[in-house]
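Asks: Chain by chain, the residues:
Protein chains: 2
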Amino acid sequence: MTKIKATNITWHEGHVIRSERETLLNQKGTLIWLTGLSGSGKSTIAFTVEHALVQRGHLAYCLDGDNIRHGLNKNLGFSEEDRQENIRRIGEVGKLYVDTGIVTLTSFISPYRRDRDANRALLEEGEFFEVYVEAPLEVCEQRDPKGLYKKARAGELKGFTGIDDPYEEPLAPELVIHTDRVSPQEASVQIIAMLEANGRIPALEA
Amino acid sequence: MTKIKATNITWHEGHVIRSERETLLNQKGTLIWLTGLSGSGKSTIAFTVEHALVQRGHLAYCLDGDNIRHGLNKNLGFSEEDRQENIRRIGEVGKLYVDTGIVTLTSFISPYRRDRDANRALLEEGEFFEVYVEAPLEVCEQRDPKGLYKKARAGELKGFTGIDDPYEEPLAPELVIHTDRVSPQEASVQIIAMLEANGRIPALEA
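Quick mapping for you: the protein sequence lines, in order, are chains L and F.
First residue of the first sequence? That's 1 in the numbering used here, and the numbers climb one at a time after it.
First residue of the second sequence? That's 1 in the numbering used here, and the numbers climb one at a time after it.
Treat the hints with care, as some may be off.
Below, simulated DSBU-like cross-link-like pairs (lysine-lysine); rule was C-alpha separation at most 35 Å, straight line [stated by the list, open to error]:
(1) L:K74 - F:K28
(2) L:K28 - F:K28
(3) L:K151 - L:K74
(4) L:K74 - F:K74
(5) L:K28 - L:K74
(6) F:K28 - L:K146
(7) L:K158 - F:K158
(8) L:K74 - F:K158
(9) F:K74 - L:K28
(10) L:K28 - F:K146
(11) L:K74 - L:K158
Worth flagging that the hints you see were computed from the coordinates, not collected in a lab.
Nothing here was measured: the structure is a model prediction, and the numbers come from that model.
Produce the complete structure using the sequences and hints provided.
Replies: The following block contains the structure:
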């Protein structure tokens with residue numbers, strides 16, 4: 001066992017540059033912003049991509065309601081102002097993750113174009129991929145995995161996206177996935193192919 | 001070139017477990033919380049450790065005023081409430097980073113014991129290392145790298161830690177570094193040795 005000597009360590013007055021971490025990780029920091037109605041399939045796709053990337057040896061991480069709403073954003077409610085701040089903070093954390101070199105997925109309804117565009121603007125060209133996870137409202141409502149549409153229809157949930165609050169479709173997303181005809185696996189293949197085609201991760205060699 | 005087939009990708013309904021990412025990275029997600037007066041040397045130590053770890057092939061990232069105060073926390077001022085929220089958010093981001101498997105350093109004065117302890121409580125035993133970067137006030141004030149003590153003494157800055165706002169020393173930090181007698185290099189060696197001794201990164205083999 002060798003002890004590191006102080007003389008082998010160099011004094012630094014600034015951050016490690018991002019490209020050094022990216023070289024280490026063999027990938028480029030990227031933010032994949034999934035948006036779509038509740039029940040459209042965002043989380044399943046995000047988790048499936050996260051698993052597929054880690055299995056390929058890449059560092060991927062998914063930010064979602066589980067790890068954000070109970071932590072960083074637990075002091076936010078569902079007022080218009082709080083929803084905007086919710087998405088803003090997620091965008092800022094996404095920016096830190098991108099700077100760290102991580103392939104980051106976010107899985108939030110994020111219904112307002114203004115908020116998604118503001119997060120795109122935080123990053124450099126080519127780092128932000130807006131993925132519209134699309135399914136007709138009727139399909140999402142039929143799936144209703146968390147029983148939220150039922151509550152919204154019963155008037156127990158106010159301001160629910162698609163019922164009594166608008167969803168603003170992306171105007172120029174990098175990718176649209178129609179989950180009423182595409183499986184989560186196929187969706188993940190499309191997202192991974194997009195990452196490869198844009199040089200965010202290396203393509204698999206034969 | 002092989003195309004990934006959808007059949008090679010498995011549908012997932014949950015996050016990748018942390019240990020999978022840690023295995024990939026050959027390290028354990030860790031939060032190194034540096035605390036101390038302005039000018040005590042926190043950032044230089046944090047940057048020096050960050051560089052040394054990345055050079056050893058580890059994924060390390062430093063959260064500091066540069067990347068936090070201008071981003072995630074740009075809507076916070078310096079009131080008591082905002083300072084507390086500032087430290088709370090950094091702790092929550094640190095928790096996400098730890099879950100991602102990253103050796104994370106934070107470099108903030110963080111003068112209140114209550115706020116630091118709250119962040120320690122967010123993490124599991126053994127994941128949080130409080131490092132007290134200590135130097136006498138007179139030494140910090142003489143260094144005054146950002147000219148802040150001068151401004152505080154002139155009354156241009158109110159509520160400045162050490163001048164007209166208290167600094168609460170850690171009661172049981174994992175490590176104390178006296179920067180009036182220890183160089184940033186030596187401090188970094190101590191922090192890296194602490195990470196090795198606690199199994200957060202593997203020791204270098206001869």
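Asks: Each hint should be assessed against the structure and marked as holding or not.
Replies: Verification of the supplied hints:
A hinted pair counts as satisfied when its Cα atoms are at most 35 Å apart, and K74 of chain L with K28 of chain F qualifies at roughly 26 Å. Of the supplied pair hints, the one linking K28 of chain L and K28 of chain F holds, its CA atoms being roughly 22 Å apart against a limit of 35 Å. At roughly 22 Å between alpha-carbon atoms, K151 of chain L and K74 of chain L fall within 35 Å of each other, so this suggested pair holds. For a cut-off of 35 Å, the pair hint linking K74 of chain L to K74 of chain F stands: about 18 Å separates their Cα positions.
Note on K28 of chain L and K74 of chain L: the hinted pairing holds, with a Cα-Cα distance of about 30 Å set against a maximum of 35 Å. As the CA atoms of K28 of chain F and K146 of chain L are separated by approximately 33 Å, the hinted pair is consistent with the 35 Å bound. Taken as a hint, the K158 of chain L and K158 of chain F pair is broken in the structure, with Cα atoms around 44 Å apart against an allowance of 35 Å. With a CA separation close to 30 Å, the supplied pair K74 of chain L and K158 of chain F stays within the 35 Å bound.
Distance hint between K74 of chain F and K28 of chain L is fulfilled; the C-alpha atoms sit about 26 Å from each other, no more than 35 Å. Among the hinted pairs, K28 of chain L with K146 of chain F is consistent with the structure: their alpha-carbon atoms are about 33 Å apart, no more than 35 Å. Using a Cα cut-off of 35 Å, the hinted pair K74 of chain L and K158 of chain L holds, with the two alpha carbons roughly 19 Å apart.
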